[in-house]
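Once you've looked at the hints, dock chains B and C against the given chain A.
Chains as they are written, first to last, in our numbering: chain A, 3 to 170; chain B, 408 to 1047; chain C, 24 to 128.
Simulated from the structure, these hints should not be mistaken for laboratory data. Be careful, since some hints might not be right.
As a list, the in silico SDA-like pairs of lysine to any residue whose alpha-carbon atoms are at most 20 angstroms apart [said to hold, decoys possible]:
no., chain 1, residue 1, chain 2, residue 2
1, B, K1014, C, N124
2, C, K127, B, L1023
3, B, K979, B, V989
4, B, K434, B, R532
5, B, K953, B, F936
6, B, K577, B, R532
7, C, K122, B, Q1019
8, C, K127, B, I1015
9, B, K1016, B, A1006
10, C, K122, B, Q1022
11, C, K122, B, S1020
12, A, K91, C, Y112
13, C, K116, C, V103
14, A, K83, A, F72
15, B, K489, B, L600
16, C, K52, B, T727
17, B, K965, B, I721
18, A, K91, B, S1017
19, B, K953, B, I972
20, B, K965, B, T727
21, B, K870, B, F967
22, C, K52, B, V1029
23, A, K91, C, K122
24, B, K913, B, Q474
25, A, K83, C, Y112
26, A, K90, B, Q1022
So these bits of chain A aren't anywhere near chain C, every CB distance computed over 10 angstroms [to be verified]:
no., residue
27, I10
28, Y137
29, K138
30, V168
From the three backbone atoms N, C-alpha and C, an ideal C-beta is built for every residue, glycine too.
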Amino acid sequence: MELIIFYILVAGILISSVLTVTSRRILRAAVYLLFMLLGSAGLFFMLNFYFLAAVQLTVYAGGIIVLIIFSVMLTSQVNEKLEAAGLKKSLFSLIAVAAGTVVCISAILNYNFPAVSSAENDTSMRTIGLQLLSYKENGYALPFEVISILLLASMVGAIIIAKRDVSK
Amino acid sequence: MENFGYTVIVPFLLFISFLLIGLAGGKFKPALSGIAGTFSVLVCTVISYITAFSYFSGAGLVNDVYQKIIPYNTEWMRFTDKLVINMGILLDPISVMMLVVISTVSLMVHIYSLGYMKGDSGYSRYFSFLSLFTFSMIGLVISTNIFQTYVFWELVGVSSYLLIGHYYQKPSAVSASKKAFVVTRFADLGFLLGILILSNITGTFDYSILTDPNGSALTQGSAISFMGLSVMTWALILVFMGCAGKSAMFPLHIWLPDAMEGPTPVSALIHAATMVVAGVFLVARLFPLYALSAPAALHLVGYVGAFTSLFAAIIACTQTDIKRILAFSTISQIGLMMLALGVSDFGGEKGLGYMASMFHLFNHAMFKALLFLCAGSVIHAVHSNEMNGMGGLRKFMPVTHITFLVACLAIAGIPPFSGFFSKDEILVAAYEKDFLLFIVSMIIAGLTAFYMFRLYFSVFWNKASDYKTAPHESPSSMAVPLMFLAFASLITGFIPFSNFVTADGKGFETHIHWGIALPAVGIALAGIFTAMVIYKKESDLPQRIKASLGSLYSLVYKKFYIDEIYIFITKKIIFNGISTPVAWFDRKVVDNTMNGIAAVTNFVSVKIKSFQSGQLQQYAYVMVSGMIIIILFVLYLWNK
Amino acid sequence: MIEGIQLEFFLILGTLVFFIGIYGFLTRKNLITMLMSAELILNAVNINFVAFNKYLYPENLEGQFFALFIIAIAATEVAVAVSIIISLYRRIKSIDVEKVNEMKY
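In isolation and in its complexed conformation, chain A is listed as follows (with noise of 0.2 angstroms):
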């Protein structure tokens, strides 16, 4: 049972990746691009990544999907459909892409992981919460306090530039 469902989450993740990238128009994109959010949510809840998973659709396919869908509202461009890209760019890139696919997957397959175990791990809220904020070892008490100055950051850094000239 598990399989078929992670080969059709995977077969939907594959599609919904390459419709995005090929879409002619761009609320299409965008909702494929969703889908495959939600796939990939999906996968982390079959891995017992519940947290994870949870903020993935949250943030992920929550909130920075509307943005998108914000931004391509502000710029316009809804109802215009999309120019295919040229011959020649998409040859290089699909030659260029093919020649790392290849590379990517010959080192994964030539590489003899070690076998699995089969230890269980503990996923609790309660666990991921402490080690979040411990600065003990495996703590990660600065990544936590850097990214939120980077939240910080990025705020003040997105209202600024976006900002319209009040000069004007």
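Below, chains B and C without anything else, positioned relative to chain A:
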């Protein structure tokens, strides 16, 4: 031996005066530049006289032989152990004599210029260049080695260029100064080659070593021979080429008549008394080499001098510009000095020609400068150079008239004026050595008397032309030098030169050979008489003579077309044949190569420019593909 | 861990999505669609981290934390990118990436 260290003041003071007047002269009143220049030359003259007096009266003598005294000799440039160039002061009979000549004539010219150049816009510049010239000339005569002579030789050429081109707004003056410089520079090519060969075979530049009669320098190079003459002879012939250029020997004489474009005091100083005798001086300086190791070169010197002298004397008979006549007279007299050197031997009484040449140099400086200054007086009064437009000036300008007459008598060789004594010695030396040259010298003496008195009578006698403004006598600043030089022309003949200035330093007695002197005076008087008959009274005899000589006259009047030949050679042959192809090569081949390189660089840069296109996706693409390539490289091609 | 699925499967999935995202980034002309492709890239990395965490080091939570932080950073990045796009749109009235080329020779 007394220490002659104070002689170093002379060149330094003049150099400082040149710098000061040149740089600061424009800021003060012009008259101040004149006074500063004159004062520094006056100091130098006094020092020169003191040096000469103390040298000749005993300080230079050791066992009755005049020594070369070297107060200073400092190393200037050292290339290798053997190749050393010094700067120093050498005092020996001819250099001390030249010190006296140069400073006296320069002083007279400075005082004269105070009046002559008054009101000229380039007054300060003129005096600073006069100081530069005096400095260069003195540096030339006191050099201790041949390379120092070369340095000051070129400096003298530069000063001459600057002074001839003083009226630089006149195109004729500019081209005359260029001509002078280029011709002497061309001659200096030979000079430099001669220096190099000479120093190569003797291993030194120094005069004391080169001209030591017992030294080894004399025998160098006589073993090697090239086209029939020894290397030493070739070197000395090349050095003589430089002397010929500077002293206006045929065929490098063309610059001197044109150099009369400069102000007349400049002509008096440079082109009569001092610079043009630099060539004679150099041959005299190297005389032991010429006489003892390369007699063939000395023969050449003598014959070139004789030919030039005759050539110039003939041309001078037909010229009508006062200064041109005097220029050709200078060429002729210097030719005579070269002739005298050519017929001289070395040692004791046989060195009569050497002594006569130096004696004539001394006297000639005085009376030729006087002639030029008088001509300047006349030109100042009449505002024209043409002899035909003048006449009867003896009524208007008595001082100039008398002094001019004194100078003419001196140059013609009439006793008791100075020219008689020196010319007599030259004739005696020529008679004893080479009879052909003796005949030529007699002819030249006659022609000299003729053309000088032709000039004298045409200007001061003849009929008075109608002058727009009545000519007036010169101011006293111009008249005093005239009188001083006339006095010098009178008395310098009586100096017992042979006791002081000889080829090997030993004095000897001379006396007048009446057997040669009387015919010489006779020929001179004949020349004067002929000139008097033709030119003293107004008549059409000159025109009849000119008409009867016809084309021969015009050939001589055009100076034997030498200038035209030179122009033909340079324009048709050198410019068209050599310069034009070289210029074409430079413009088309060399420049186009450079342009081609630039064009290639441009082309490549345009092509490479597109890498920085500003297109985001292109940058990303390059990044991604680069990364993949590096990964491939590290994974598979790196040497593990 | 999911029974029957090897680690390589997840990794290959991650790789494919990553390179699809790169393809989209290099090919698309619209700035916003380029942004979306960048999101794909970040997501692919997330999948990789999580897969490593689950299969190789199950007792730690490192991979999950990394993924968490990546999500946070992606969010900030999109915010700033969108504000830049809006500001750019105001200036040149277009969001074609080929028009944004002033940083050149």
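Does Q1019 (chain B) lie within 20 angstroms of K122 (chain C) when you go C-alpha to C-alpha? Distance ~14 angstroms between K122 (chain C) and Q1019 (chain B) Cα, so the pair holds.
Hint consistency between K979 (chain B) and V989 (chain B) [alpha-carbon to alpha-carbon, up to 20 angstroms]: OK: K979 (chain B) and V989 (chain B) at ~15 angstroms, within 20 angstroms.
Compare the distance between the alpha carbons of K91 (chain A) and S1017 (chain B) with 20 angstroms, and conclude whether the hinted pair is satisfied. Holds, at roughly 16 angstroms.
Straight-line Cα separation of K870 (chain B) and F967 (chain B) no greater than 20 angstroms? With Cα atoms ~31 angstroms apart, K870 (chain B) and F967 (chain B) exceed 20 angstroms; violated.
Would you mind confirming whether the straight-line C-alpha gap from K1014 (chain B) to N124 (chain C) stays at or under 20 angstroms? holds (18 angstroms)
Please work out if K122 (chain C) and S1020 (chain B) have their alpha carbons no farther apart than 20 angstroms. holds (11 angstroms)
Holds or violated: K83 (chain A) and F72 (chain A), Cα atoms, limit 20 angstroms. holds (18 angstroms)
Within 20 angstroms, alpha carbon to alpha carbon, are K965 (chain B) and T727 (chain B)? holds (11 angstroms)
Examine each Cβ of chain C, and state whether all of them lie more than 10 angstroms from the Cβ of K138 (chain A). holds (14 angstroms)
Any Cβ of chain C at or closer than 10 angstroms to V168 (chain A), or is the non-interface label fine? For V168 (chain A), whose nearest Cβ neighbour in chain C is about 13 angstroms away, the distance exceeds 10 angstroms, so it holds.
Run the distance test for K434 (chain B) versus R532 (chain B): straight-line Cα separation, threshold 20 angstroms. Roughly 12 angstroms separates the two Cα atoms, so the pair holds.
K52 (chain C) and V1029 (chain B) were given as a pair; does the straight-line alpha-carbon distance stay at or below 20 angstroms? Distance ~17 angstroms between K52 (chain C) and V1029 (chain B) Cα, so the pair holds.
The structure shown violates the earlier hints numbered 12, 16, 19 and 21.
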